[in-house]
Amino acid sequence: MTAQHSTDSGAVGFDGVSEWGRRWRRFQRNRLALVSLAFIVVLALLAVFAEVIAPFDPNQPDFGKRLTGPFTDGNLLGTDVLGRDVFSRLLFGLRTALFIALTAELLALLCALIVGVLAGYFGGRLDQLLMAATDVMYAFPTYLFAVILATVLGRSTWSIILAIAIGSWLTQARLVRAQMIKLKTFEYVEAGRSMGAGAGTLILRYLLPNSLGPILVATSFGIPAAMLAESGLAILGLGVAPPEASLGTMITEGYKYVLVQPNLILWPFTVFALGMLAFTWVGDGIRDAFDPKDD
Amino acid sequence: MVRNDQPLLDVRGLSVAFRTRGHEQLSAVQELSVSIDPGGSLALVGESGSGKSVSMRALLGLLPANAVVGGSARWSGEGDVPGGTELIGLAPRAFRAIRGRQIGMVFQNAMQALNPTIPLKRQLTEHLRWHGSCTRAEAEVRAVRALGDVGIPDPERRIRMYPFQLSGGMRQRAMIAMAMVADPRLLIADEPTTAVDVTVQKQILDLLIDLRDRGTAIIMVTHDLGVARYLCEDVAVLYSGQVMESARLVDAVEDPRHPYTRGLIGSALELGDDSPLRPIGGNPPDLADRPAGCAFQPRCTAADGERCAEVQPLVRLADAREVRCWRSSHE
Numbered sequence: 007m008t009a010q011h012s013t014d015s016g017a018v019g020f021d022g023v024s025e026w027g028r029r030w031r032r033f034q035r036n037r038l039a040l041v042s043l044a045f046i047v048v049l050a051l052l053a054v055f056a057e058v059i060a061p062f063d064p065n066q067p068d069f070g071k072r073l074t075g076p077f078t079d080g081n082l083l084g085t086d087v088l089g090r091d092v093f094s095r096l097l098f099g100l101r102t103a104l105f106i107a108l109t110a111e112l113l114a115l116l117c118a119l120i121v122g123v124l125a126g127y128f129g130g131r132l133d134q135l136l137m138a139a140t141d142v143m144y145a146f147p148t149y150l151f152a153v154i155l156a157t158v159l160g161r162s163t164w165s166i167i168l169a170i171a172i173g174s175w176l177t178q179a180r181l182v183r184a185q186m187i188k189l190k191t192f193e194y195v196e197a198g199r200s201m202g203a204g205a206g207t208l209i210l211r212y213l214l215p216n217s218l219g220p221i222l223v224a225t226s227f228g229i230p231a232a233m234l235a236e237s238g239l240a241i242l243g244l245g246v247a248p249p250e251a252s253l254g255t256m257i258t259e260g261y262k263y264v265l266v267q268p269n270l271i272l273w274p275f276t277v278f279a280l281g282m283l284a285f286t287w288v289g290d291g292i293r294d295a296f297d298p299k300d301d
Numbered sequence: 007m008v009r010n011d012q013p014l015l016d017v018r019g020l021s022v023a024f025r026t027r028g029h030e031q032l033s034a035v036q037e038l039s040v041s042i043d044p045g046g047s048l049a050l051v052g053e054s055g056s057g058k059s060v061s062m063r064a065l066l067g068l069l070p071a072n073a074v075v076g077g078s079a080r081w082s083g084e085g086d087v088p089g090g091t092e093l094i095g096l097a098p099r100a101f102r103a104i105r106g107r108q109i110g111m112v113f114q115n116a117m118q119a120l121n122p123t124i125p126l127k128r129q130l131t132e133h134l135r136w137h138g139s140c141t142r143a144e145a146e147v148r149a150v151r152a153l154g155d156v157g158i159p160d161p162e163r164r165i166r167m168y169p170f171q172l173s174g175g176m177r178q179r180a181m182i183a184m185a186m187v188a189d190p191r192l193l194i195a196d197e198p199t200t201a202v203d204v205t206v207q208k209q210i211l212d213l214l215i216d217l218r219d220r221g222t223a224i225i226m227v228t229h230d231l232g233v234a235r236y237l238c239e240d241v242a243v244l245y246s247g248q249v250m251e252s253a254r255l256v257d258a259v260e261d262p263r264h265p266y267t268r269g270l271i272g273s274a275l276e277l278g279d280d281s282p283l284r285p286i287g288g289n290p291p292d293l294a295d296r297p298a299g300c301a302f303q304p305r306c307t308a309a310d311g312e313r314c315a316e317v318q319p320l321v322r323l324a325d326a327r328e329v330r331c332w333r334s335s336h337e
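Chains as they are written, first to last, in our numbering: chain A, 7 to 301; chain B, 7 to 337.
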C-alpha cells in the first residue's frame, strides 16, 4: 500500500494490478503449477512444430533397422517394430493426443455451458427436462458408451473426440447449472436486474464471469481425463487408425514388445504420465488463483 | 412539498403470495396501499418478515416466478402517460426500461450487491448504455459525476477499481451512485444503513437527505424508526404483510396510535434516554398460520379478546392517518 492510498480511509491500495494480474500472482505462488505450465508449453510447442523438429517421417517404415535401441543410426529414441523413428512418432503422437484431449474438452465445455446455463438460469420445466436427460446419460457407463460410439463411428480422430466429449460434459453441465443457481440469488445479480439488465446481459456479464473459477478448474482437470480416455480407447484397439500415432496407440504397440525393446513403451508412457500430471497440477494452480482468500 | 393530485407512485391493494409445496399459498403482503408524491419520502417500517422488501421487489417485478402479485401500482414518473403506467403485470421489456432509469434501487448488503468481476466504471455506465440514452463518453462523465456526488473522493481513479478494492462504506455509496446515475425519479432504498457501521450510516443518511432535497422521491425500507426519522416525511408501519398504521412520520413517532407502532418506538434505543427498553414480546406470526382477526393481537399488550378477534379494517382517522386497530377510533 503506498502513502497516497493510506491518506484516505476507503480503498485498499491494490490498483494498478488488475484482477487477472492478481490471479496470475497467486498462480505463480504455486511453484509446482508454474513448472507444470512451463512443461505444458514445451509439450505444446513440440506438438505444434512436430514437422519441423521430427528428423524422420513418423509413418515411414524401414525394415532394415527394426527395434533398435536409443542413439543408434540417428534414431534418437530408437525404432519400433516396423523400423519407424520413435522420437518422430512421439512428437506426432503427442500432437494427436493433445489435439484430441483439448478439442474433446472444449466440445464438452461448450455443451456443458449451453445445457448448464439454460437449466440453471431459466429453471422450471426446462431445468427438469435437461437435468433428466443428463441423468439418463449419467446412468450409462460413459466409457462403454465411448467404446460403442468409437466402434460405430469408426476410428477417425473426430469420432474419438466425439466419443470422449459425450462422456465428459455431464459433470461440467451440472457444475455450471449449480453455479447459475447459486449466483442467481446473489444480491448483485438482483441489483443488475433492478437496473434493467436482461437475461443475456445477466448471464454474460454477471453469472458466467463469476463462475469462471470453478469452470476453469473443471476444464483443466477435464483435459488429463480426456487424455486418459483417449489412451484407454487405444488400448482397446479403438484409438486412431494406424499408421497414425498417438500416445495411446504407441503405448499399446510398445506393450507387445516390452521384453524385447522396453524403450517403445517407456518414452510415450513417460510423456503421457508427465503431461497428465502437469495438467492436473496446473488445474490445482488455477484453483489457487481463483481463491482470493489466499491473499 | 407541494402536494399535487397525482402521486408519483400509487400502490393500491398490493398483495403478494408465494406458491409453495405443501401449503396452497403463503400470503406475504396483504392489501398494501401506500403512495408517494414527486420528491416525497416514505418509510416502510416493520420487523423482519413483515413484507417490506417483498412488496418493494414486487413493484419492480424482481420476485421469483412462484410469486403471485395482485393489486395495482400506478407509476406516473414517465410524464407523458396519462393515468400512469401499471407496474403490476407489466411486460418484462417495458419493465426493464423503468427499472434503473426511472426507479433506482439500493440494496441492503453493499458487500454483495456489486458485481465482483467488473470495475465500477462498467457497473455504473453499462445500464446507461442499455437504456440507450447516451454515448460511452457521456456515460463515463455522468458516472464520475455520480461518484463524486455521493462523496467518493478522487472519483476519476476510483471508477477504475473493482468492488473488492473499496471499503464497505464506499461500496454502499457506489451502489447509491449506481442507482442514481440514470437520474431516477424514485429511489427505493432497502435497508441502506443496516450493513454499515454508525458513522457510515450517518453519511449515507445525509447523502439520501441530499438526494431528497434535490427532488428525488425516496422510499426507504427499514426496521429502525430512528433512522427513518432523519429522512422521511411519511411512514407506513407493516406487520405480517399488512399496514398497521400509516401517517406522517412525526405524528406516528410523537403520538403512535397503533399498539405495534408504540411497541416499535418503545423498543428502539435512543441516545440520552435512560428509560429501559421495552421489547415486543413474542414473534411475528407464521405466514401460513396467521391468527384470526388482528394479526398483532397475540403480542399486543392492549389486546382485548372479543374485539381483537375480529378482522381489523384500516380505519382512516381525521388527520389523514390510517390505523388498523379498533381502539384508535375509540380513544
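Hints were generated in silico from the structure; no laboratory data involved. A few of these clues could be false.
[What the hints assert, rightly or not] Sample of chain B residues facing chain A (criterion: CB under 10 Å; computed from the structure): (1) ARG63; (2) GLY106; (3) LEU120; (4) MET184; (5) ALA324; (6) ASP325; (7) ARG327.
Virtual Cβ for every residue (Gly too), placed ideally from N, Cα, C.
Tested hints:
Against a cut-off of 10 Å between C-beta atoms, the interface hint on ARG63(B) holds, since the closest Cβ of chain A lies about 8 Å away. The beta carbon of GLY106(B) is positioned within 10 Å of a beta carbon in chain A (closest approach about 3 Å), and the interface hint is therefore held. Interface hint at LEU120(B): satisfied, since its Cβ lies 5 Å from the closest Cβ of chain A, which is below the 10 Å cut-off. Given hint, MET184(B) at the interface with chain A, holds; its Cβ is 7 Å from that chain's nearest Cβ, closer than 10 Å.
Look at ALA324(B): its Cβ only gets to about 38 Å from chain A, farther than 10 Å, so that hint breaks. Residue-level restraint check for ASP325(B) is violated (minimum Cβ-Cβ distance to chain A is 35 Å; threshold 10 Å). With a cut of 10 Å, the hint placing ARG327(B) at the interface with chain A is violated, because the nearest CB-to-CB distance is about 31 Å.
Comparing the model with each numbered hint stated earlier shows that hints 5, 6, 7 do not hold.
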